[in-house]
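> Sequence:
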Amino acid sequence: MHSVLVRVGDERCATVARRAAPGLRPYVAGYGAFRAGTPGDAQRRVLPLNLITLIVDLDGPEPLLFGARAAPMVYGEARWRRGVTVGLTVAGARALLGAPMHAMTGAAVPLSDILGRRAGELAERLAAVPGPAARFAVLDDLFTAWLRPDVRPDGPATRGWWRLQETAGRIAVGSLAAELGVSRRRLETGFRREIGLSPKTVGRVARFQRAAQVLSAPAGTFQDAVACGYADQPHFNREVRAMAGITPTELCAFLQYAERLTG
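Going by the numbering used here, the sequence shown opens with residue 5, and the numbers climb by one from there.
Check the hints yourself; a few may be wrong.
What the hints assert, rightly or not - Computed beta-carbon distance windows for the label pairs:
#1 Arg129 / His239: 38 to 48 angstroms
#2 Leu146 / Ala182: 17 to 27 angstroms
#3 Asp228 / Arg122: 17 to 27 angstroms
#4 Ala132 / Arg189: 46 to 56 angstroms
Keep in mind that the hints were calculated from the coordinates and are not lab data. No experiment lies behind these values; they were computed from the predicted model shown. Glycine included, every Cβ here is placed at the ideal spot set by N, Cα and C.
With the hints as constraints, model all of the structure from the sequences given.
This is the structure:
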C-alpha cells in the first residue's frame, strides 16, 4: 500500500494487482494498475513501505521512483491519474536499478535519474498497449531483459528482510539473527548498508502494511488489524498515528475508498 489521497475525490479510485512472472518474484514484489478518482493535481499521503515503488502515469509527467521509508510524507505534486505501479524488493534494487536500496531510502525522484533512457522506454511501451493485463506482460518482458541476477545484495540482510515481511515483523531481531546464523550486530550492519532501515524498523513497517491490507478489505475491522501483531488497541492507534500521520478511522476511510479496475 504505497499511498492514499489526502482528500477523497468525487469518484472512487480503482485498482487491480498481479504478481510478477515466477522468475522475477525474488526481485519484483508485484504490479498494480490504478485510476485516480480526483481530477487535476492532488496531494497524496505516501505511507511507510519496505519496497521501492515505481509509478508510471500514462497521461502525465515522467515516471517516479519512491524509496523505502519509515515515516509518512505528503507528496504535493501527485499528478498521476492512470497508470501502473511496481514494487521492488531488496534484490530488485540491485538487479534492476543497479543500486542498493539504501541509496533511495526516503527519496522521491524521477525514474530517469536512476534508469536513464530505460525510464522513457518503460513509459512508451506501457502506453502503447491497452489494459492492465497487457501492461503487466510488458513489465514482465522488460524486467526479464534488464535483470542482472549476478548483482546480489547482502545475503543475511536480504533473507532477514523477507522473513520480516513473511512474519509481519513478529520475529524479534535477536531471534532473527540466530535463525540466520549471524550476530545481531552483523545483521543490523547489513540492514543499514543494504536497506537503509534497521531490522526493527523494517518489522514495524511490515506490521503496519499487513494491518493496512486488512483494513483495505470491505469487511476489515480494527480488531482484525490489531491481530496483525499489536499488543492492544492503544498500541495499534499509536503506531498508525506514527506511521500514517492520521488516525486509524481516517486511514480506514481512505483505504476502503477504492474499487476493482477491470479495463
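> For every hint, state whether the structure bears it out.
Hint check results:
1. About 45 angstroms separates the C-beta atoms of Arg129 and His239, a value consistent with the hinted range of 38 to 48 angstroms.
2. Between Leu146 and Ala182 the beta carbon distance is about 40 angstroms. The supplied range of 17 to 27 angstroms is therefore violated.
3. Separation of Asp228 from Arg122 is about 41 angstroms and departs from the stated range, judged on CB atoms against 17 to 27 angstroms.
4. For the pair Ala132 and Arg189, the supplied restraint of 46 to 56 angstroms holds, since their beta-carbon distance comes to about 50 angstroms.
The structure shown violates the earlier hints numbered 2 and 3.
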